[in-house]
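**Q** Chains as they are written, first to last, in the working numbering: chain A, 83 to 442; chain B, 83 to 442; chain C, 2 to 252; chain D, 2 to 252; chain E, 32 to 211; chain F, 32 to 211; chain G, 3 to 69; chain H, 3 to 69.
For the record, the hints were derived by calculation from the structure and aren't laboratory data. Be aware that one or more of the hints could be misleading.
[Stated by the list, open to error] Derived lysine-lysine pairs resembling DSS-like cross-links, with alpha carbons at most 25 Å apart:
| no. | chain 1 | residue 1 | chain 2 | residue 2 |
| --- | --- | --- | --- | --- |
| 1 | H | Lys69 | D | Lys187 |
| 2 | C | Lys224 | G | Lys25 |
| 3 | E | Lys189 | E | Lys199 |
| 4 | D | Lys189 | H | Lys69 |
| 5 | G | Lys54 | C | Lys187 |
| 6 | A | Lys128 | C | Lys142 |
| 7 | D | Lys189 | H | Lys54 |
| 8 | G | Lys25 | C | Lys187 |
| 9 | E | Lys210 | E | Lys199 |
[Claimed, not checked] Quick partial rundown of chain B residues pointing at chain C, CB under 8 Å, derived from the structure:
| no. | residue |
| --- | --- |
| 10 | Met145 |
| 11 | Val146 |
| 12 | Tyr147 |
| 13 | Gly151 |
| 14 | Cys152 |
| 15 | Tyr174 |
| 16 | His286 |
| 17 | Asp290 |
| 18 | His297 |
| 19 | Ile299 |
| 20 | Asn300 |
Source: prediction; values computed, not measured. Quick reminder that beta carbons are idealized off the backbone N, C-alpha and C, glycines included.
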Amino acid sequence: MADKVLMKGNEAIAEAALRAGCRLYFAYPITPQSELIEYMSKMMPKVGGTFVQSESEIAAINMVYGASGCGKRVMTSSSSPGISLKQEGISYISGASLPAVVVNVVRGGPGLGDIQPAQGDYYQATRGGGHGDYRNIVLAPSTVQEFADMAPLAFDLADKYRIVVLILSDGLIGQMMEPVEFQPAKTEEEIEELGKQHESWCMHPNEDEPNHHHHIINSLELDPNVLSDLVLNLEKKYIEIEKTEIRFEKYNISPDNEILCVAYGTAARITKSAIDELKKEGKSIGLIRPITLWPFPSEAIKQAINQNVKKILTLELNLGQMIDDVRLAIEGKLPVDFMGRVGGLVFSPEEVKAKIEEIL
Amino acid sequence: MADKVLMKGNEAIAEAALRAGCRLYFAYPITPQSELIEYMSKMMPKVGGTFVQSESEIAAINMVYGASGCGKRVMTSSSSPGISLKQEGISYISGASLPAVVVNVVRGGPGLGDIQPAQGDYYQATRGGGHGDYRNIVLAPSTVQEFADMAPLAFDLADKYRIVVLILSDGLIGQMMEPVEFQPAKTEEEIEELGKQHESWCMHPNEDEPNHHHHIINSLELDPNVLSDLVLNLEKKYIEIEKTEIRFEKYNISPDNEILCVAYGTAARITKSAIDELKKEGKSIGLIRPITLWPFPSEAIKQAINQNVKKILTLELNLGQMIDDVRLAIEGKLPVDFMGRVGGLVFSPEEVKAKIEEIL
Amino acid sequence: MEIIATRPKSLTKAQFTYCPGCTHGISHRLVAEAMDELGMRNKTMGVCPVGCSVLAYNFFDCDMAEAAHGRAPALATGMKRARPDMHVFTYQGDGDLIAIGTAEIVHAANRGEHFSVFFVNNAIYGMTGGQMAPTTLPGMKTTTSPYGRDEKDIGYPIRACELLATLEAPYYIERVSLLSPQHVIKAKKAVYKAMKFNKEERGFTFIEFVSTCPTNWGYEPMKAFEWAKENMLPFFKLGVFKDKSIEEEGK
Amino acid sequence: MEIIATRPKSLTKAQFTYCPGCTHGISHRLVAEAMDELGMRNKTMGVCPVGCSVLAYNFFDCDMAEAAHGRAPALATGMKRARPDMHVFTYQGDGDLIAIGTAEIVHAANRGEHFSVFFVNNAIYGMTGGQMAPTTLPGMKTTTSPYGRDEKDIGYPIRACELLATLEAPYYIERVSLLSPQHVIKAKKAVYKAMKFNKEERGFTFIEFVSTCPTNWGYEPMKAFEWAKENMLPFFKLGVFKDKSIEEEGK
Amino acid sequence: MKIELICSGFGGQGALTIGKFLSLAAMKEGKDVSWLPSYGPEMRGGTANVAVVISDKQIASPLVSHPDWLVALNKPSVDKFGPMIKSGGLMIANSDMCPDKLGREDVEEIYAPMSSIATEIGSTKVLNMVSLGVIIGKTGLVKYETVEKDLREILGKKNPALLEANLKAIKKGKEIGEKS
Amino acid sequence: MKIELICSGFGGQGALTIGKFLSLAAMKEGKDVSWLPSYGPEMRGGTANVAVVISDKQIASPLVSHPDWLVALNKPSVDKFGPMIKSGGLMIANSDMCPDKLGREDVEEIYAPMSSIATEIGSTKVLNMVSLGVIIGKTGLVKYETVEKDLREILGKKNPALLEANLKAIKKGKEIGEKS
Amino acid sequence: MARMTVDPFYCKGCGLCIEACPKKIIRLSDKFNEKGYHYAECFDQESCIACKLCYTFCPDVAITVEK
Amino acid sequence: MARMTVDPFYCKGCGLCIEACPKKIIRLSDKFNEKGYHYAECFDQESCIACKLCYTFCPDVAITVEK
Ligand SMILES: Cc1ncc(C[n+]2csc(CCOP(=O)(O)OP(=O)(O)O)c2C)c(N)n1
Ligand SMILES: Cc1ncc(C[n+]2csc(CCOP(=O)(O)OP(=O)(O)O)c2C)c(N)n1
Ligand code: SF4
Ligand code: SF4
Ligand code: SF4
Ligand code: SF4
Ligand code: SF4
Ligand code: SF4
Ligand SMILES: [Mg+2]
Ligand SMILES: [Mg+2]
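If we strip away everything but chain A, and leave its shape as in the complex, we get (with noise of 0.2 Å):
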């Protein structure tokens, strides 16, 4: 069906993991993210999948290492507190090279915070809030369509790399409903046929000798020699990806921008209705939109500063943290201005454009 829907992004992303494959689901309630949870109840028994409500996001972390262990395609969401207590889980799942999806709908924090939008998790998404050398495939989607989108995208990259993807969205974009176009579901066929891509590495039926396995899901390894190799092949790995799969848009850049605006998800939307209004007043003002936020698409930003561009402004709904990202991309070169809202705000339109004009 490619006729639009109306619906939340809560639902568009459930709605389109479910069609890119996914058959098992472990979560936790919280908000704002329980419309997720609340779809896939609904939803799984009809698709023949299995969602089980685990006792915490700890648990359900777990549950996503054991099924993607099996080489299936597994899914697991929460809000921002709940994600915390994942970090042990993720980097067990990092250092077990196991691919799995998950979804952060960022509320206000730190600490119980509050339910609103925010982007004050960047740096736990980006940097690893888990211990250890390990990198997770960050992708930030600023509609309800491209949250969707991001569902069979994730799930293709994590199969891919044997990665954890995490789609970091807010409380804005999981509660607006928005048209949302879904890609075709896969059939059943489809979805066996994903998981025998894995078969030479996940656990399975067995056979007898002489072709009996023993496959073996893990992240230990007690000889530093070895478990150097690991991490290096981990690394292999993520520059690889950072060569290979970093997304981003260009909005409105152009050689007479004035200023370079970097902007993500939900705050990304909002500079765009800025830089319209100033480009009625014939501004020109371009903004890169990093979608994957790791990697991060340095080269991008690098590349859209021309001789007019006075400044670099990242706006973010946080105090500041992509802005690391962002002059490390830039290696001095220009000053970067910031403007945040923090606490579950949201800067409007007006407030970009009158900061923008602030910084002219």
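Knowing the structure of chain A, use the given hints to seat chains B, C, D, E, F, G and H with the ligands on it.
**A** Frame of chain A; chains B, C, D, E, F, G and H with the ligands shown alone:
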């Protein structure tokens, strides 16, 4: 007693914490940190303090949360996977503006990894592995003496700023013995006095009207405008700390340095050995050793760059994490090289020397 | 004329934020009354859960801490150990206490921590909009068990009192209900007893309130009571599961 | 001559990394024998804990996953749900299962997950060097209870079987011991039964092994058995705590 | 063309639903739409509101600080959002629960006794649909037929009685809107 | 002056303790010291070893890849660390458990029947102390008196018998060391 | 003589007091309070026996009983 | 006729089999295995009754019993 004693790092930090007035300690065993908890279990009853071996790291950090809400000096410790589990709690304590000391004796990761020394938790420590905008002061010792000295420092900073202070050690510093000299132990009266500084906000016995108070310890605020103010207040505190609490060591810094090394903790010790060797051969290599990882000594690094310095070399026992902060500090002024080891391996002074010679 | 019943001093002047007819208010009052009657307010610290009663720190007029979801017993342990001279209680919902917080409640009970736990079992996650709780009854529809809780797939409700009563240390465990004025009168006695034992430093005390959530059950308050009487009480049997005072005092 | 007893096929050729005389080896063998006898090896997935048996994936010759500390039942849930056509077991120590993993085991049992849990209770944290476990006996000295476990301060050992038996869903719960060849023979029957029920998809099965840790207890293996018989068995009573097959089969 | 509106009322009055049916119809008629509710505990007992944007180009920000139009089902909604309406904008209010006029000269105000009309129709639940009708009648933002079709699809089988009541309410509102 | 040494043996042979008493004495005599054990499960059953650095200046790296001296209580220790000894270095080995010579021309080797001596003294536990004695006798790195004092402080009251056995073992080793 | 009063500030009109009262002398007022609830009131103070059951069952602690 | 054999590769010389054997025909060998353990051996195969108790109690699954 100003006599030197020979002690393991894990025991030295425990002894120093007791002397600094820590009378509450909650933790769960994990290698290579267990000597700390074992020392506490032995000594706490002797000083009339409380040690509870909690059912998990999560329970431990939340016991800390509760005890700290009563204005007492309280500590927990763990190693990498256990620290990941504490992230939600640390975010809460930070959101509630409570003082607390957390020790991480880092091991090889990700996942279960191994139990050898590593620095793979730098990102987690400095960027906040938990959700939302918050910062912890992060202290990185490089000797047993310094590890011990950091206990009183950490408690003082925690009390002063009502912040979580994380001591980021590693298996090497935790397990090795070195001579250590302790500061005199605080008397019970001094400890009592310390608690009093928190009486304006902490939970404690109450009075009847009209002096009845009602102290609330929490990190929840459903109104985003109010939460925003709270977070912006946190930010003010962070800015203040960035101004006043940066600590670092200069080693062999001189105008003829050809290469400037940046390394912390164990990696810095080993780098020093290599620098000493190279000095004998007439080569001048400087080292900035961050003692506070957050706030990071960016200014010191910038200042240490002189006309002769051709390159910066960042040395870490990970895939390269602090290097972000080094790059941010020097803003593209010089190329930044990297030497790392992962999986619990530690580079030797010879290897570091070779690396420096290679890039000289 | 003399006032014989009015708002206890241990409640603040704030309006409760609960839905009309929600039993959280009743259990709040019982705890506050016990504090008043035992003169404990000035030496009491409470812990709020994450759940509908997350804002209870605005309602109880004693010192209060807001725990992370499920961790109230750990906070309370830290608080009581930090201030043995004060009295501590936690107030927790069923999701908080026996889903995410299972380990914390079991181990606090097992250590025999000297505090009281007030456990509001309304068979649902109230605050987050009516998801299935560990105490949701078989067949009961919630937003995450839209076809009714399937006990074959996800098991039966957990009975916290029975589970905790297998431990040695707890001093007093009772399940009461708030489903009628008569039930409330009985519940009041249990709450008083728990807080009295608390004040006397006897050990760990635990009161479960069989409660309602009219909003998420989708019933009017009175209908919710009827439903609970018919459906919850047969499964969550009222009674004393442990009372060491009986042996101790030889009665 | 015919071989009547030798290494089961479901064990790999690797040497165990356990200390001499450690009972982990015996319980490994019992599980492997059951897999052999029931012809399950090719359709079985096991889960290792974090604990001395963390490397069990090198010893069991079936597919194996290594869980995070305490989370084996959650992994097993994910595995069994992902591959209902396979059989799943976890193998866990006392710290893993009833300290940090309390919530996971209680809820997996409560859901009646279709897998078997083998629980090695040696009253101590073996791997990390002998710290106190939730099952450490009162008065017992460990590296974190250097003056002996003070049950007044930190409570009594937790009895996992009794605790889990309060839940409705579990199918079969038994506590056995490995303290003598006779005990082992009995234990073998229980393990077989659990794995058979597992194969037959009857539900959640749980076997607790009262075990020893000669190294951290500081006793020679035989002395460790004696100590355990005298001290552990009175507290951890052997027996069947739940067996639904009795009703089901009408025996 | 781009219209930003806010629908607001007590929780339970169905303000969010007005926005939903408007968005749905606009989408069917080829527009881009966004529907952003206030959510969370504030809904319990308090006011619920939704920001709707309807545009023939892609919508960047779904936030509405200054609505072109406001649908206010109760007094607090008028108080909260009335002052924010853009100059030249429109307010549609439930006169039964909004006793005081907004009194802005630069804003057109339409008052309809939505509660009374709903009670008349026989279901207090449909008061929100009256306002939906007013919008249609007044502005022609979406076609009545599109809304009717959507309603028939959603309610047709499940609750034909409610469907009829809804349609009646919309028609009633539409009349009012057309006359204003 | 800076000496880097490794003490290595089976777990239980007390290799770590040799290092500890050496470090302790050196510290008392005003040196900087570091004592870095191998740790973790590898200790269970396998070999245990410790890297000790003693210097009159502050010690930077506690790691020892190429020891000046090696104390090897068993054969695996000789195999593992023998080849790493610095040219001109010294190996002190337990001849009872190290049958094969290292055979490096640039390294001095001292073999003492430590196990036998210990058995003779009446406690197999003190074999490590023999090697400690050899170091003292051979190198004078620390004074016998300092070590004796430390031992008396630590063991004096708790276990006088063990103390005496220890001291005997050290003296015996010292003699051997002095003669080599 | 006894008296039962409801504080409209707290009352949410849930009606539990009405169910609880053995004398059936409580009803919801026609008037709204600030939050828009019809609050409870005693329409026959004379008959009140000060049994406190209304107070006991009131989830918003809105009731005062005097005797 | 029965036979009990110990695989020195697995045996850790813990002696449990010795305790288990009702015929007391097992002892630790003088010889070491690779790991340095004195491994167990049966010194009187004739007397073995193939009761398997040694096997049952062996924690390292080092024993084979034949009949
Ligand atoms: C770590 C974490 N997970 C989930 C949530 C979301 N959450 C808030 S309250 C709640 C459940 C509340 O249910 P219950 O404990 O039964 O209390 P009630 O509201 O029914 O009184 C949940 C899941 C959270 N805040 N934090
Ligand atoms: C999150 C986490 N916490 C703590 C540890 C450290 N740890 C490893 S094993 C273990 C306890 C093992 O004890 P038990 O489960 O009883 O198994 P045993 O070794 O006795 O067989 C602990 C605390 C860890 N690896 N991960
Ligand atoms: S949602 Fe349920 S539990 Fe929460 S306040 Fe409303 S009625 Fe009470
Ligand atoms: S430490 Fe204890 S449990 Fe672990 S292998 Fe050794 S004897 Fe067995
Ligand atoms: S006190 Fe008793 S009689 Fe009086 S109003 Fe209340 S319930 Fe009715
Ligand atoms: S029970 Fe209380 S809140 Fe409910 S109607 Fe009566 S007075 Fe009002
Ligand atoms: S029981 Fe097994 S391991 Fe122990 S001595 Fe006998 S054969 Fe060897
Ligand atoms: S089979 Fe029985 S008799 Fe034979 S050696 Fe073993 S224990 Fe002894
Ligand atoms: Mg509930
Ligand atoms: Mg154990």
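**Q** Are the hints correct? Go through all of them and say.
**A** Structure-based check of each hint:
Between Lys69/H and Lys187/D, the direct Cα distance comes to roughly 23 Å. Compliance with the 25 Å bound is thereby established for this hinted pair. Using a Cα cut-off of 25 Å, the hinted pair Lys224/C and Lys25/G holds, with the two alpha carbons roughly 21 Å apart. For the given pair, Lys189/E sits about 18 Å from Lys199/E by alpha-carbon distance, which is consistent with the 25 Å threshold. Distance restraint check for Lys189/D and Lys69/H: the Cα-Cα separation of roughly 21 Å lies within the 25 Å cut-off, and the hinted pair is therefore satisfied.
For the hint pairing Lys54/G with Lys187/C, the CA-to-CA distance comes to about 14 Å; that is within 25 Å, so the pair holds. For a cut-off of 25 Å, the pair hint linking Lys128/A to Lys142/C stands: about 17 Å separates their Cα positions. Taking the CA atoms of Lys189/D and Lys54/H, the gap is about 13 Å. The hint holds against a cut of 25 Å. Note on Lys25/G and Lys187/C: the hinted pairing holds, with a Cα-Cα distance of about 21 Å set against a maximum of 25 Å.
Distance restraint check for Lys210/E and Lys199/E: the Cα-Cα separation of roughly 17 Å lies within the 25 Å cut-off, and the hinted pair is therefore satisfied. Here the hint on Met145/B is kept, as its CB sits about 4 Å from the closest CB of chain C, short of 8 Å. Given the 8 Å rule on beta carbons, the hint for Val146/B holds: about 6 Å separates it from the nearest Cβ of chain C. Hint status for Tyr147/B relative to chain C: holds, with the closest Cβ pair at about 6 Å, below 8 Å.
Interface restraint check for Gly151/B: the shortest CB-CB distance to chain C comes to about 5 Å, inside 8 Å, so the restraint holds. Because the closest C-beta pair between Cys152/B and chain C is about 4 Å apart, less than 8 Å, the hint holds. Because the smallest distance between the Cβ of Tyr174/B and any Cβ of chain C comes to about 5 Å, under 8 Å, the interface hint for this residue holds. The interface hint given for His286/B holds, since its Cβ lies 7 Å from the closest Cβ of chain C, which is under the 8 Å cut-off.
Against a cut-off of 8 Å between C-beta atoms, the interface hint on Asp290/B holds, since the closest Cβ of chain C lies about 7 Å away. This hint holds: His297/B has a C-beta 5 Å from the nearest C-beta of chain C, less than the 8 Å allowed. For Ile299/B, the interface hint holds, the least distance from its beta-carbon to any beta-carbon of chain C being 4 Å, beneath 8 Å. Contact between Asn300/B and chain C, as hinted, is supported at the beta carbon level, the nearest pair being about 3 Å apart and thus within 8 Å.
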